[in-house]
Structure formats: structure tokens, C-alpha cells
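*Asks:* Given next are the chains, with one letter for each unit.
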Amino acid sequence: MSGVGIVAAQRAHFDQPLDLKGGSVLPAFDLVYETYGTLNAAKSNAILVCHALSGHHHVAGRTADEFGKPTANVGWWDNIIGPGRPLDTDRFFVVGLNNLGGCHGSTGPASPNPATGKPWGADFPVVTVEDWVASQARLADHLGIDAWAVVMGGSLGGMQALQWTLSFPERIRHALVIAAAPKLSAENIAFNDVARQAILTDPDFHGGHFYEHGVRPVTGLRLARMLGHITYLSDDQMAEKFGRRLRTGAGSYGFDVEFEIESYLRYQGDKFAGVFDANTYLRMTKALDYFDPAQDFDDDLARALARAKAKFLVVAFSTDWRFTPARSREIVHALVHNGQAVAYAEINSAHGHDSFLMDEPHYHAVVDTYLKRVKL
Amino acid sequence: MSATAGPPQGGAAKNMEPRERRTTITPAHGEGAGGQAVQLRADFDLIASWVQPGERVLDLGCGDGSLLKRLIEERGARGYGVELEDAEVLAAIRNGINVIQGNLEQGLSGFDDQTFNHVVLSRTLQTVRHTERILSEMLRVGREAVVSFPNFAYWKNRMAIMAGRMPVSEDLPYEWFDTPNLRFFTLLDFEALCAKMDLVIRERQVLDDAGHLVTEEPNFLGSLAVYRLAR
Numbered sequence: 001m002s003g004v005g006i007v008a009a010q011r012a013h014f015d016q017p018l019d020l021k022g023g024s025v026l027p028a029f030d031l032v033y034e035t036y037g038t039l040n041a042a043k044s045n046a047i048l049v050c051h052a053l054s055g056h057h058h059v060a061g062r063t064a065d066e067f068g069k070p071t072a073n074v075g076w077w078d079n080i081i082g083p084g085r086p087l088d089t090d091r092f093f094v095v096g097l098n099n100l101g102g103c104h105g106s107t108g109p110a111s112p113n114p115a116t117g118k119p120w121g122a123d124f125p126v127v128t129v130e131d132w133v134a135s136q137a138r139l140a141d142h143l144g145i146d147a148w149a150v151v152m153g154g155s156l157g158g159m160q161a162l163q164w165t166l167s168f169p170e171r172i173r174h175a176l177v178i179a180a181a182p183k184l185s186a187e188n189i190a191f192n193d194v195a196r197q198a199i200l201t202d203p204d205f206h207g208g209h210f211y212e213h214g215v216r217p218v219t220g221l222r223l224a225r226m227l228g229h230i231t232y233l234s235d236d237q238m239a240e241k242f243g244r245r246l247r248t249g250a251g252s253y254g255f256d257v258e259f260e261i262e263s264y265l266r267y268q269g270d271k272f273a274g275v276f277d278a279n280t281y282l283r284m285t286k287a288l289d290y291f292d293p294a295q296d297f298d299d300d301l302a303r304a305l306a307r308a309k310a311k312f313l314v315v316a317f318s319t320d321w322r323f324t325p326a327r328s329r330e331i332v333h334a335l336v337h338n339g340q341a342v343a344y345a346e347i348n349s350a351h352g353h354d355s356f357l358m359d360e361p362h363y364h365a366v367v368d369t370y371l372k373r374v375k376l
Numbered sequence: 001m002s003a004t005a006g007p008p009q010g011g012a013a014k015n016m017e018p019r020e021r022r023t024t025i026t027p028a029h030g031e032g033a034g035g036q037a038v039q040l041r042a043d044f045d046l047i048a049s050w051v052q053p054g055e056r057v058l059d060l061g062c063g064d065g066s067l068l069k070r071l072i073e074e075r076g077a078r079g080y081g082v083e084l085e086d087a088e089v090l091a092a093i094r095n096g097i098n099v100i101q102g103n104l105e106q107g108l109s110g111f112d113d114q115t116f117n118h119v120v121l122s123r124t125l126q127t128v129r130h131t132e133r134i135l136s137e138m139l140r141v142g143r144e145a146v147v148s149f150p151n152f153a154y155w156k157n158r159m160a161i162m163a164g165r166m167p168v169s170e171d172l173p174y175e176w177f178d179t180p181n182l183r184f185f186t187l188l189d190f191e192a193l194c195a196k197m198d199l200v201i202r203e204r205q206v207l208d209d210a211g212h213l214v215t216e217e218p219n220f221l222g223s224l225a226v227y228r229l230a231r
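Those protein sequence lines, which keep their order, are chains H and F.
The working numbering applies: residue 1 is where the first sequence begins, and numbers increase by one.
The working numbering applies: residue 1 is where the second sequence begins, and numbers increase by one.
These are calculated hints, taken from the structure and not from any lab test.
Just so it is clear, the structure is predicted and the values come from calculations on it, not from any experiment.
One should not assume that every hint holds.
Taking lysine-lysine and the PhoX-like style, the derived pairs with C-alpha atoms no more than 25 Å apart in a straight line are [claimed, not checked]:
1) H:K309 to H:K43
2) H:K309 to F:K196
3) H:K271 to H:K183
4) H:K372 to F:K69
5) H:K375 to H:K21
6) H:K375 to F:K196
7) H:K309 to H:K375
8) H:K309 to H:K21
9) H:K372 to H:K309
Take the sequences, apply the hints, and build the full model.
*Replies:* Put into C-alpha cells, the structure is as follows:
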């Protein structure tokens with residue numbers, strides 16, 4: 001089965017100010033997005049895919065080179081989107097975007113601050129999941145979509161799907177909340193803070209204004225990604241993939257790369273630090289930390305979710321220790337408590353938190369089966 | 001195990017034996033899904049008659065959700081199911097059921113007290129290791145527990161034992177070596193446990209292997225028992 005083929009990003013400009021949860025106002029902003037499939041006449045077949053910490057709008061298909069030939073740049077969730085795939089583009093109109101504060105084309109810290117003409121840098125506001133959902137609603141307006149058939153995402157993307165059901169209960173019919181949690185634990189926040197400290201203490205960070213200095217805090221960003229990456233994998237998977245294998249077969253009793261896992265993490269760190277924006281990374285992790293829909297309801301998640309009208313599919317993965325199945329079950333049990341519609345699948349997978357990106361047969365079958373029941 | 005199975009090979013006599021035993025034990029039925037379906041409906045008929053419109057039902061080990069689907073469509077119930085097996089979870093999602101994948105052996109933690117009007121455990125108690133805990137949990141999260149199970153003391157089962165073989169029947173359709181059943185018990189055994197646990201038996205219905213209600217000598221003539229329990 002082939003996917004959606006060659007895709008191209010689009011850009012929407014929003015000139016109405018956006019009030020942010022943190023108190024500041026964004027006077028105007030751009031969102032970059034891609035779409036796959038065709039919006040039907042009733043505009044009832046739209047799926048919004050929300051990305052996680054390091055994701056973006058290129059969700060499926062391949063981008064084209066200058067000659068119009070497909071590149072090797074495949075979307076980050078291509079395995080689930082396309083004709084005959086769970087997000088069947090013969091049936092659904094799928095939208096992926098780069099979130100506000102991102103570094104893949106939407107307005108973010110590297111964009112020019114209209115007040116100064118220089119990059120926002122540290123002055124770009126901290127955006128929250130609620131802010132993202134508010135900006136995504138503007139995108140829905142722009143596309144003429146009154147209500148999404150489905151909003152879905154994994155990890156931080158799943159939190160956005162959940163927030164959609166609370167911010168705009170009338171504008172979402174189904175929420176697919178995958179490998180997510182209703183809020184971060186102290187341990188989750190701790191990992192995020194170590195990652196942030198790695199960036200904030202990098203001499204090349206310059207308080208977030210590194211663009212003007214012509215440098216990037218690559219060392220800090222690389223460390224942050226290495227740490228994050230450990231939490232995305234599972235112990236079993238690391239043992240199987242790397243074990244204690246040495247690259248050269250013998251220890252050198254020094255501090256160069258010796259173990260295969262070191263090599264892998266450094267590669268992942270380098271790859272990420274080469275392209276990602278440190279200010280965006282800081283803001284993505286803060287959005288995670290702040291997400292807590294039950295906070296205004298005496299920490300009673302059931303009360304917080306009571307206003308949702310969507311039907312839910314919640315999915316968790318057995319080896320995910322970043323957001324364990326128990327965290328997904330908190331969402332499920334709150335919904336059951338309220339008598340709301342929810343299905344929950346707990347997938348046996350070796351791939352830890354990253355499982356949501358993998359082509360696990362039962363996982364994709366669950367999503368496929370659920371989406372086939374979604375009425376258009 | 002259908003009649004269209006291929007011709008017997010090498011050890012034909014041995015291969016034939018289980019089928020012959022099964023037909024001897026359940027003369028009223030052929031083998032396989034047909035007979036089973038009659039039974040399932042009889043079981044579900046009773047449960048459906050006990051559910052009032054708008055009531056909340058939790059079906060433990062809900063399989064593909066056919067009971068819940070029926071309770072929702074025919075009785076206007078609001079249903080949730082718990083199921084462990086991947087294939088059944090998929091089938092339940094296909095049926096539009098609120099299915100929650102999980103293991104009953106780990107209890108019902110996460111479900112709040114007295115959330116449901118009825119908590120159903122249909123033909124599953126005999127496969128559960130923590131028998132007392134699941135019964136307690138059912139009556140913690142629900143006002144009423146509905147439990148059905150095969151009666152090991154059914155006369156045909158007794159005959160099989162007398163003949164020296166473990167019973168294989170409509171309600172105990174497995175061989176000893178592939179059965180998921182862990183507990184083999186009778187109506188009397190179950191009622192003794194209920195007394196020990198101070199559970200109130202609100203109602204008991206007993207069916208024979210054709211799905212007909214049994215009124216006399218239930219522990220001898222009944223193949224499947226269905227109980228409504230309360231605290």
C-alpha cells in the first residue's frame with residue numbers, strides 16, 4: 001500500500017490577537033500545516049492530528065525536491081495515514097500542523113518579533129496546551145471546519161486531543177488520546193527540568209537570544225534530547241537493541257563512545273540538536289508541565305472531564321514508563337465515572353513511549369476499527 | 001469439529017472419540033456454535049430481563065460485547081465492558097461497545113464504588129483465580145452482581161465422571177487439557193461460598209443444556225446457573 005504521495009506545506013496567517021493563558025497577547029501569528037485527503041461537502045470528515053514534543057506539520061507523505069521528485073523526507077506518522085491505512089485518506093480529510101511556538105514554520109521564538117524586527121527569542125511567550133487548542137480552532141475556522149470528526153495525537157498530542165474536548169466540546173466528535181496522561185507526575189516534570197537546565201546553562205544560550213550572537217546552544221539541546229530519548233524507550237527494548245555491546249569489542253578504560261547505547265544516544269542528540277530550536281524545546285516541555293485540566297476542579301479529573309461531549313478512544317502501551325498505562329486508565333476511569341463514552345486498549349509493545357509511532361498490528365487495528373465506526 | 005471434517009486418518013478411533021463423547025453427553029444438540037448460540041441466548045434473555053432502561057451495566061469478560069449490545073439496544077442500558085483478549089477487544093470496538101482492556105485478576109481498582117446498577121460476570125467465574133476478590137469487587141462497584149457459571153454437578157457431567165472421563169458438554173465445551181477453567185464447582189458449592197461471604201442471593205435461575213429453565217433438582221438437572229447477588 002502506498003501512502004499519500006507527495007505533499008506540500010501550506011501557511012495560514014491569523015491577524016486577530018490571541019490571548020494566551022500566561023497572560024500575554026500574541027498580536028498575530030502564522031500556522032504551517034499539511035492536509036491529506038479531501039474535505040467532503042458536509043465538512044464532516046476532518047481529522048486533526050496534533051504533534052508531540054518534537055513533531056511538526058509534516059505528518060504523512062513525502063516532500064518534493066526542486067524537480068518535484070519525492071525526497072526521503074517521510075512524515076513522522078506516515079505509517080497510519082493514507083489510502084487503506086487506519087486514517088484512511090479515501091474517507092477522511094487529515095490535517096497536521098506545526099504548533100504555535102514551534103520551529104518548523106509556524107510562529108515561534110525564531111520568528112521576527114513585530115515590535116523589534118528581531119527574533120522573539122526569550123521574549124516569545126510560554127504557550128500552553130490550551131493556547132495551542134485555541135490556535136488550532138482558528139485553523140479549523142480557516143479551513144471551514146465547524147467540528148472535527150476526530151482530534152487525535154500521541155503523548156503531548158494526546159493531551160491536545162483531550163483539551164479539545166474541554167475547550168470546544170461542540171467542535172469535536174471523537175478524541176483519540178494515545179500514550180498520554182491527564183497531567184505530568186513529579187518525575188515527569190523532573191526529567192523535563194533537567195532537560196531545560198541543560199539548555200539554560202549552555203553558554204551559547206545567551207538567555208534565549210542566541211540568534212543575535214550567531215550561535216546555537218547545541219550542547220545543551222543535545223543533552224536534553226539524549227535524556228528525553230532515554231525516557232521514550234523501554235528497558236527491554238534497550239537491552240535487546242544494544243545490551244552491553246561495545247563498539248570495538250573491548251573497553252578502552254576511557255570516556256570515548258564505547259557502548260552501543262552511548263553511540264545511539266549521541267547520534268540521536270546530534271541529529272536533533274542540528275535542526276531543533278532550543279527556545280521551542282523549552283516551551284514544549286513547559287506546555288507539558290503545565291497541562292492539568294483537573295487543577296481548576298479540586299484535582300477531580302471526572303469533574304473536569306464532565307463537560308466533554310466527544311467519544312473517546314484511549315490507548316496505552318505496556319512498556320511505556322513515561323506515561324504508563326495506569327496514567328491512561330486515570331482518564332478512562334474518570335470518563336466511566338461520568339458515564340461518558342470511552343473505549344480503552346492496552347497494547348503489548350516493546351517500544352516504550354515511542355510505541356505510538358510504531359506499526360504495531362493490534363494498535364493499528366484498534367485505531368482502524370474505531371475510525372471505521374466514526375460516522376461522517 | 002464440524003461434520004465436514006476430513007476423512008479420519010491413522011488413529012481414526014482415537015480422533016473420533018471426543019466427538020462421540022460430546023454427542024453422547026448432549027443428545028439434544030449437534031456440535032459447535034449452533035447449540036452454543038441457543039444457550040447464550042437463554043443466558044442473555046434472563047440477564048436482559050433484569051436490566052431496566054437507563055441503568056448502568058458493567059460486563060466483566062464482555063467478549064465481543066454482544067450481551068452489552070443487546071442490553072443497550074433492547075433495554076436502553078448504558079454499558080461498559082472489561083475484556084483482556086486483543087481479538088475480543090477489537091470485536092467489541094467494532095460493535096461500538098465501551099470496552100476497557102484489562103485483566104479481571106487485577107481487580108476493578110479505578111472503578112468507583114457503586115458506579116453500576118449491575119455488574120455481570122457471564123460464564124467467567126470458573127476461569128478466575130481470585131474468586132472471592134472478584135465477587136467482592138463486583139459488589140463494591142455495583143449494586144448487584146449477576147453471575148452465571150456451568151454447574152459441574154449437572155447429571156451429564158456426573159455421568160461422564162462415572163464413565164471415567166472429564167465432562168465435555170455445551171456448557172463445559174473444553175477438553176481437560178485445553179480448558180481455560182480453573183475452578184470446577186456446583187450450585188451448592190457456590191451457595192456455600194455466598195453464605196460464607198455474607199452475599200444475599202436475590203434470585204437464582206437454572207437452565208438445562210437446551211436453554212430451558214429447570215425448576216426441580218437444579219443441582220442435578222441444571223447445566224448453567226445464573227444468580228443475582230447483593231450485599
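*Asks:* Hints first: check each against the structure and report whether it holds.
*Replies:* Hints versus structure:
1. Distance restraint check for K309 of chain H and K43 of chain H: the Cα-Cα separation of roughly 19 Å lies within the 25 Å cut-off, and the hinted pair is therefore satisfied.
2. Straight-line distance between C-alpha atoms of K309 of chain H and K196 of chain F comes to about 44 Å, which puts the hinted pair past the 25 Å bound.
3. A distance of roughly 29 Å separates the Cα atoms of K271 of chain H and K183 of chain H; the hinted pair therefore is violated under the 25 Å criterion.
4. Pair hint K372 of chain H plus K69 of chain F holds up; C-alpha atoms about 18 Å apart against a cutoff of 25 Å.
5. Simply put, K375 of chain H and K21 of chain H have alpha-carbon atoms about 34 Å apart, too far for the 25 Å limit, and the pair is violated.
6. Proximity of K375 of chain H to K196 of chain F is assessed by CA-CA distance (about 50 Å); at most 25 Å being required, the pair is judged violated.
7. Among the hinted pairs, K309 of chain H with K375 of chain H is consistent with the structure: their alpha-carbon atoms are about 15 Å apart, no more than 25 Å.
8. Between K309 of chain H and K21 of chain H the CA atoms are separated by roughly 23 Å; this keeps the pair inside 25 Å, and the hint holds.
9. A C-alpha spacing of about 20 Å is found between K372 of chain H and K309 of chain H, which places the hinted pair at or below 25 Å, so the restraint holds.
The structure fails hints 2, 3, 5 and 6 (numbered hints given earlier, in ascending order).
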